[in-house]
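Residue numbers (my numbering), protein chains in the order written: chain V, 80 to 318; chain X, 80 to 318.
Hints were generated in silico from the structure; no laboratory data involved. Treat the hints with caution; some may be incorrect.
Any copy, or any two copies together, can satisfy a pair, since identical chains are not distinguished.
Derived SDA-like pairs: lysine to any residue, alpha-carbon spacing no greater than 25 Å straight-line [claimed, not checked]:
(1) Lys81 to Leu143
(2) Lys296 to Pro153
(3) Lys225 to Leu97
(4) Lys167 to Leu281
(5) Lys81 to Phe271
(6) Lys81 to Gly226
(7) Lys138 to Arg283
(8) Lys152 to Ser180
(9) Lys306 to Ala208
(10) Lys81 to Asn279
(11) Lys273 to Ser259
(12) Lys296 to Arg211
(13) Lys81 to Lys273
(14) Lys81 to Lys151
(15) Lys296 to Val314
(16) Lys132 to His264
(17) Lys225 to His94
(18) Lys273 to Gln82
(19) Lys225 to Glu248
(20) Lys306 to Ser180
(21) Lys140 to Gly121
(22) Lys152 to Leu284
Protein chains: 2
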Amino acid sequence: MKQLEVCLTPDLLQHYSLEGKVVVVIDVFRATTTMVSALANGISRITPVATLKECSALKEKGYLTAAERNGKKPGGFDLGNSPLNYLKHDYSGQQLAMTTSNGTLAITKSIAAHEIIIGAFINMSAVVAYLRAQSQDILLLCAGWKGRINTEDSLFAGAVAHLLANETELANDSAVAVQSLYQTHETNMEEFLKEGLHFNRLQRLGLDEDIEFCLKKDEYNLVPTYKNGVLIGVVYHPQ
Amino acid sequence: MKQLEVCLTPDLLQHYSLEGKVVVVIDVFRATTTMVSALANGISRITPVATLKECSALKEKGYLTAAERNGKKPGGFDLGNSPLNYLKHDYSGQQLAMTTSNGTLAITKSIAAHEIIIGAFINMSAVVAYLRAQSQDILLLCAGWKGRINTEDSLFAGAVAHLLANETELANDSAVAVQSLYQTHETNMEEFLKEGLHFNRLQRLGLDEDIEFCLKKDEYNLVPTYKNGVLIGVVYHPQ
Numbered sequence: 080m081k082q083l084e085v086c087l088t089p090d091l092l093q094h095y096s097l098e099g100k101v102v103v104v105i106d107v108f109r110a111t112t113t114m115v116s117a118l119a120n121g122i123s124r125i126t127p128v129a130t131l132k133e134c135s136a137l138k139e140k141g142y143l144t145a146a147e148r149n150g151k152k153p154g155g156f157d158l159g160n161s162p163l164n165y166l167k168h169d170y171s172g173q174q175l176a177m178t179t180s181n182g183t184l185a186i187t188k189s190i191a192a193h194e195i196i197i198g199a200f201i202n203m204s205a206v207v208a209y210l211r212a213q214s215q216d217i218l219l220l221c222a223g224w225k226g227r228i229n230t231e232d233s234l235f236a237g238a239v240a241h242l243l244a245n246e247t248e249l250a251n252d253s254a255v256a257v258q259s260l261y262q263t264h265e266t267n268m269e270e271f272l273k274e275g276l277h278f279n280r281l282q283r284l285g286l287d288e289d290i291e292f293c294l295k296k297d298e299y300n301l302v303p304t305y306k307n308g309v310l311i312g313v314v315y316h317p318q
Numbered sequence: 080m081k082q083l084e085v086c087l088t089p090d091l092l093q094h095y096s097l098e099g100k101v102v103v104v105i106d107v108f109r110a111t112t113t114m115v116s117a118l119a120n121g122i123s124r125i126t127p128v129a130t131l132k133e134c135s136a137l138k139e140k141g142y143l144t145a146a147e148r149n150g151k152k153p154g155g156f157d158l159g160n161s162p163l164n165y166l167k168h169d170y171s172g173q174q175l176a177m178t179t180s181n182g183t184l185a186i187t188k189s190i191a192a193h194e195i196i197i198g199a200f201i202n203m204s205a206v207v208a209y210l211r212a213q214s215q216d217i218l219l220l221c222a223g224w225k226g227r228i229n230t231e232d233s234l235f236a237g238a239v240a241h242l243l244a245n246e247t248e249l250a251n252d253s254a255v256a257v258q259s260l261y262q263t264h265e266t267n268m269e270e271f272l273k274e275g276l277h278f279n280r281l282q283r284l285g286l287d288e289d290i291e292f293c294l295k296k297d298e299y300n301l302v303p304t305y306k307n308g309v310l311i312g313v314v315y316h317p318q
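Required output: the full structure, derived from the provided sequences and hints.
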C-alpha cells in the first residue's frame, strides 16, 4: 500500500525523504489556489521564483508578473496574489512569473522529489484522483506561514489524507492528526479557520472575497505540475 | 488576556520567543510522565542530562540513573524510562539522573524561559491550575519524536489549551488545531492514539502497561519545576 505522509511546514522538511515521492505543495491562502486559478483561466504557464528581483527580471522578458509579500502586492508588479485576478480579467495565453512569501519556497525546497504538483480546495478532487492513479508514495507539504504551521494548509492536507485513507497508509502522526481535524471540520471549515491567524490577517486586509474563493471545493479539474522550473496545468479527468 | 501558544516540536522552537514565558515541556510517552511519577513517588530531585555519558558520571556520584534511547534502556543504568518503576519499587529520598531521547532535550532548549514546568496527563489538572494562578504568557512545548510531531504530545497540549481556552488567547494556529483535536478525542484518546507511530513503537516493545498509565488523567497534584539544572516537585493544591 502506498504511504501518505504530511509535513506541516517546510521547516520540518529535513525529516522527510523526497526521493521517489509525489509532493503536493499546499498554500491555500493563497498561492496554490492562485496557481490553479491562473492556469485554469488561460495562463499558459507559471514560473515560480523566490525573489522579487527574479520576478522583475522576467517582466522585462515579457512575462505577466504576480508578487506578494506579507499578504500585499509590492510596487512594480502587474498583479498580487489574488486568485480572482484571473477570473476578472483575460490573461489568456500569457506566461506568468510569480513570487509569494511561502508557496514558491515550498516548491523550490521540493525539487528532489519524483514529481511536484499543486493542491488547493479548488482542485481537491482532481488532486486526489491524480494521486490515486499513480503508484508513488505521497508527501503533502504545507507551505505554512514563514515556517510556522497554519490551520488552512493543515486542513487541506487532512482532506486529501481523508479521501485517500482507505487506499494509503497514513504513515506519520501529522497525517493522522490532520485527517482527524478535517473529519471534524469538513462541514464547517470557515468557522474553524476563523480562529486561525492567517485567516484574520487576510480579513484585516479586506480579502473576504478571496477567502471565500479559496475555500470553494472542486471548481476546477486541473492539476498543476512542476517541471524544469515551470508549472503547467494538466486537465485531469477522474474515471 | 494571557497568550497561550503551542509548539509541536522543538525543531520549530526558533519561531517562538521564550522570554517571560512559562514553558510546559510535554513528553507523554514517556519522559514527562516518568518525571512526574518519580517525584510523586519519593524521588527527591531529578537532574535531566543530554547524554548517556553525563548520566553515567552522576551514577558515580551516587545518583540513581534512568536512561532511554529508542524506547529501550541502554546497558549500565539502573532504570529505563518507565513511569511504573517508581510505583513498583521504593526509591524514596534518592536523587535521579535522567536522559531520554526527546524530553530532556526539550527542557535544555527552553532554558531562556521565565520558568519551565513539566506536564503529562497524570498531572494535567495540577498543571492547568498552576498556569491559571500565574500571570505569564504560556508556551506548551511538545517534545515530539526526534524532531517529528507526534499525536500524544499534541493531544496533551490540546487538553491544556482546551481547559484554559476561556482564560487565555490561543495565540497561534497550532494551539487552535490541537484544541480541536482534543475536543474531538477527549473521550476516546487511546483509540485515536492507536493510529500514531510512537504508540505502536511502544506497543511493539511490550509496554502496554506503560501506555495505559501515561493516559491516566490526574493521578497526582504535583508540578515538577526546573531550576538551576534540577527538577523538583511542587505539590500544587488548586483552590
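Next item on the list: Report the numbers of all earlier hints that the structure fails to satisfy, in ascending order.
Entry: 1, 2, 7, 14, 16
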